[in-house]
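Novice: Protein sequences, first through last, are from chains A and B.
The C-terminal position of the first sequence is numbered 244 in the numbering used here, with every residue numbered one higher than the one before it.
The C-terminal position of the second sequence is numbered 244 in the numbering used here, with every residue numbered one higher than the one before it.
Think of the hints as simulated: they come from the structure by calculation, not from any bench.
Be careful, since some hints might not be right.
[Claimed, not checked] Part of the chain B face toward chain A, derived, beta carbon under 7 Å:
{"hint": "1", "residue": "M17"}
{"hint": "2", "residue": "G35"}
{"hint": "3", "residue": "Q38"}
{"hint": "4", "residue": "L63"}
{"hint": "5", "residue": "L71"}
{"hint": "6", "residue": "W172"}
{"hint": "7", "residue": "E179"}
[As the list claims (entries may be wrong)] Below are the DSS-like pairs computed for lysine-lysine, each with C-alpha atoms no more than 30 Å apart in a straight line:
{"hint": "8", "chain 1": "B", "residue 1": "K11", "chain 2": "B", "residue 2": "K98"}
{"hint": "9", "chain 1": "B", "residue 1": "K11", "chain 2": "A", "residue 2": "K244"}
{"hint": "10", "chain 1": "A", "residue 1": "K85", "chain 2": "A", "residue 2": "K244"}
{"hint": "11", "chain 1": "B", "residue 1": "K144", "chain 2": "A", "residue 2": "K166"}
{"hint": "12", "chain 1": "B", "residue 1": "K87", "chain 2": "A", "residue 2": "K11"}
{"hint": "13", "chain 1": "B", "residue 1": "K11", "chain 2": "B", "residue 2": "K87"}
{"hint": "14", "chain 1": "B", "residue 1": "K11", "chain 2": "A", "residue 2": "K166"}
{"hint": "15", "chain 1": "B", "residue 1": "K87", "chain 2": "A", "residue 2": "K85"}
{"hint": "16", "chain 1": "B", "residue 1": "K11", "chain 2": "A", "residue 2": "K85"}
{"hint": "17", "chain 1": "A", "residue 1": "K244", "chain 2": "A", "residue 2": "K16"}
{"hint": "18", "chain 1": "B", "residue 1": "K87", "chain 2": "A", "residue 2": "K16"}
[As the list claims (entries may be wrong)] Over 10 Å on every C-beta distance to chain B, these chain A residues come out as not near it, computed from the model:
{"hint": "19", "residue": "M1"}
{"hint": "20", "residue": "L2"}
{"hint": "21", "residue": "R14"}
{"hint": "22", "residue": "Q80"}
{"hint": "23", "residue": "V110"}
{"hint": "24", "residue": "L114"}
{"hint": "25", "residue": "L115"}
{"hint": "26", "residue": "D207"}
As the structure is a prediction and not an experimental result, all values here were calculated from the model.
Ideal Cβ positions, reconstructed from N, Cα and C, are used throughout, including at glycine.
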Amino acid sequence: MLKLVETEFLKLRRRKLPWVMLLAAFVMPFFAFLFYSYLGKKGVDPLLFYKMSALGFTMFIILPVILGVLSTILMYDENQYDMLKQLWIVPVSKLGYFFSKFFMILLYSVGFMLLTAVGSIAFSVLPGIVAFSWGSAFYLLQKCLEIGVLCAFGLLPILAVAASQKGYILPVCATLVYAFLSFFLMSFNLYLHPLSSMAAIVMRNNDIPGLAFTGAPNLPLAFLCIDVWGVVSVWVADLALKRK
Amino acid sequence: MRILLWAERQKLRRSNMVWVAFFATVLLAAIVLIGGQQVYEGVRYIDTPGWFLSVLQPWATMLALPAVVALLGSYMICREQQDDTLKTLRMIPINEAKLTVAKMILAFVICVLLYLLLFVLAFAAEAVLHAPALPVGMVLGFLKAYLIDGVTVFFAISPIIALVSRNKNGYWLALVFAELYSFTGMFTSMSNTLRAIYPMTAVFGLSGYYDSTPGQFALSCVSVLACGVLAVIILAGQSKAAAD
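Taking the hints into account, I'd like the entire structure generated from these sequences.
Specialist: Structure (C-alpha cells):
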C-alpha cells in the first residue's frame, strides 16, 4: 500500500495542475481581506474573519470542487493512457489502487486547508484587520484540519464515480451537483449528505457566528452518514474496477 | 463553416456528454426547488409566485452552469488532441481556427439551450404551484431574462474556452478557473459598480435580474462585449500562429 502511495506521489510530482489548484486555497482569505478592507474595519473578531475565509464557502464549495476535480484527474489519467491493464498485471489490488488515490485526496485536502489557515491568518493579521492571538490561530488550525480530513471522506462518492467512468465529463458534473446539493440540503437535513454531515461535525459547538444550528448537532448520526456513503462508495468502486 | 458545424453536430450526437450536461441542469433546478422549501417568516420561499423563476438563474450561474459550459466547450476542443484526430484533420487540411470557431458556436448554442431548459423547468414548477397567480407578462419577462443570461454567460466565459484552444491540455484549468470566476460573482454582487463591471454579474444587469441605472447597464454591456472581443483576439492570434 505504501508503495502505491509513493508511486502516486511520484506521478503527482510530474503534474503542474494540482499545485496550481492549491492557489484556490487563498481565494476566500483574499475575498475576506477585500471585504473587511472595503468596510474599513480594524480589530474585527477573528471568528468573523475566519468564518468568511475558511469556514464558509471554502468548506462548502471550493474544497469539494477542487477535490472532485483532483479525484477525476487522478482516475482519468490511467484510463486515458490505458495503464490500468498494466497495473492489474503487476498485480495491484483493485481496492489498494482505489485507496492509494483516496490517500492522495486526503493529503491534498489537509494540505489545502492548512494553506487556507495560513492564508487566513496572513490576510487578517498583516493588514491589521484582526489582532493576532494564539488561541484563535489554534482554533482555526483545528477547524481546518477537521475540514481537511472529513471533506476527503465526504468526497469518496465522487472518487467512486470517477473510478467507474472512462471519461471526465460525468464525474466533474457530478462534483458540481454534489457540492451544490450539500449547500442546499444543509437547511433541511444535515444527515443525508456527507458534506452537510461534515459541516455538522465541524460546527458541533455552535461557536461559529452566523453558522449556528438550532440545537446541538447529532454527531453519531453525522459520522454514520459519512460512513454509510463511504462504505457504499468503496463497494461501488470495487465493483466498477473489477469490471475493468 | 457549415460543413464544420454539421460535422461537430454529428460528433456530439454520438457522445453522451450533452445529455450529462442537460441532466446536471435538471438536477440543479431540482436542488434549488428543494431549497425553496425553507421557511422564512412563516412562509416557504417556494410559495411566493415567481420566486423559483427569479432565484434559479443566479444560483445556477454563480455555482455551476458556467463551469459546465466551459467544460463542454473545452472538451469539444481538446478531444481532437486527446483522440489523436487532430493530425488527420490537419491533413485534410482544415483551418484549425475555423474548427475552433465552429466548436465555440456549438458551445454557444448549448449554453443558450441549457438556460432555456432551466427556464422551462422553473416555469413548469411555477405553473404547477401557482398557475393562476402567474401573469403572462412576468413569465415572458423571465423568458427574456433567461435567454439573455444564456447568451451573455457564454460571452463572459468565451475567453476561457478560447484560451483552451491555444493550450490543448488546459481543460482542467479552464474548468477550475470558470468555477472560481463564476463563484467570485457572489462577492462582486455586493457593490453596485463592481457588479456592473464584473462579467459574471454584469450578465444579471443585462438580463434585468439586478436593477441598474443606464450608466451601469452600459458598463455591463461593455464588460460582456469586452469578453467576446477578447475571445475573438485569442482566436485570431491562434489563426495567425497557424498561418505562420
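Novice: Decide, hint by hint, whether the structure agrees.
Specialist: Hints and how they fare:
1. Interface hint status for B:M17: upheld, as the beta-carbon distance to the closest one in chain A is roughly 4 Å, under 7 Å.
2. Interface hint status for B:G35: upheld, as the beta-carbon distance to the closest one in chain A is roughly 4 Å, under 7 Å.
3. Restraint check, B:Q38 versus chain A: the minimum CB separation of about 5 Å is within 7 Å; hint holds.
4. At its closest, the beta carbon of B:L63 sits 5 Å from a beta carbon of chain A; the interface hint therefore holds under the 7 Å criterion.
5. The interface hint given for B:L71 holds, since its Cβ lies 6 Å from the closest Cβ of chain A, which is under the 7 Å cut-off.
6. With a cut of 7 Å, the hint placing B:W172 at the interface with chain A holds, because the nearest CB-to-CB distance is about 5 Å.
7. The closest approach between the C-beta of B:E179 and any C-beta of chain A is roughly 6 Å, which is under the 7 Å cut-off, so the hint is satisfied.
8. Straight-line distance between C-alpha atoms of B:K11 and B:K98 comes to about 16 Å, which keeps the hinted pair within the 30 Å bound.
9. Restraint check: the Cα-Cα separation between B:K11 and A:K244 comes to about 25 Å, which is no more than 30 Å; the hinted pair holds.
10. Restraint check: the Cα-Cα separation between A:K85 and A:K244 comes to about 8 Å, which is no more than 30 Å; the hinted pair holds.
11. Distance restraint check for B:K144 and A:K166: the Cα-Cα separation of roughly 38 Å exceeds the 30 Å cut-off, and the hinted pair is therefore not satisfied.
12. For a cut-off of 30 Å, the pair hint linking B:K87 to A:K11 stands: about 28 Å separates their Cα positions.
13. Taking the CA atoms of B:K11 and B:K87, the gap is near 17 Å; set against the 30 Å cutoff, the hint holds.
14. Taking the CA atoms of B:K11 and A:K166, the gap is about 18 Å. The hint holds against a cut of 30 Å.
15. Of the supplied pair hints, the one linking B:K87 and A:K85 holds, its CA atoms being roughly 27 Å apart against a limit of 30 Å.
16. Between B:K11 and A:K85 the CA atoms are separated by roughly 28 Å; this keeps the pair inside 30 Å, and the hint holds.
17. Proposed proximity of A:K244 and A:K16 is supported: the alpha carbons are some 28 Å apart, at most 30 Å.
18. Of the supplied pair hints, the one linking B:K87 and A:K16 holds, its CA atoms being roughly 26 Å apart against a limit of 30 Å.
19. Against chain B, the non-interface label of A:M1 holds: every CB pair exceeds 10 Å, the least being about 27 Å.
20. With a least CB separation of 28 Å from chain B, A:L2 remains clear of the 10 Å interface cut-off, as annotated.
21. With a least CB separation of 13 Å from chain B, A:R14 remains clear of the 10 Å interface cut-off, as annotated.
22. Separation of A:Q80 from chain B is inadequate, the least Cβ-Cβ distance of about 7 Å not exceeding the 10 Å criterion.
23. For A:V110, the requirement that its beta carbon stay farther than 10 Å from each beta carbon of chain B is met, with the minimum near 19 Å.
24. No Cβ of chain B comes within 10 Å of the Cβ of A:L114; the nearest lies about 19 Å off, and the non-interface call holds.
25. The claim that A:L115 is not at the interface with chain B holds, since no C-beta of that chain comes within 10 Å of its own (minimum 15 Å).
26. Every Cβ of chain B is farther than 10 Å from the Cβ of A:D207; the closest lies at roughly 23 Å, confirming the non-interface assignment.
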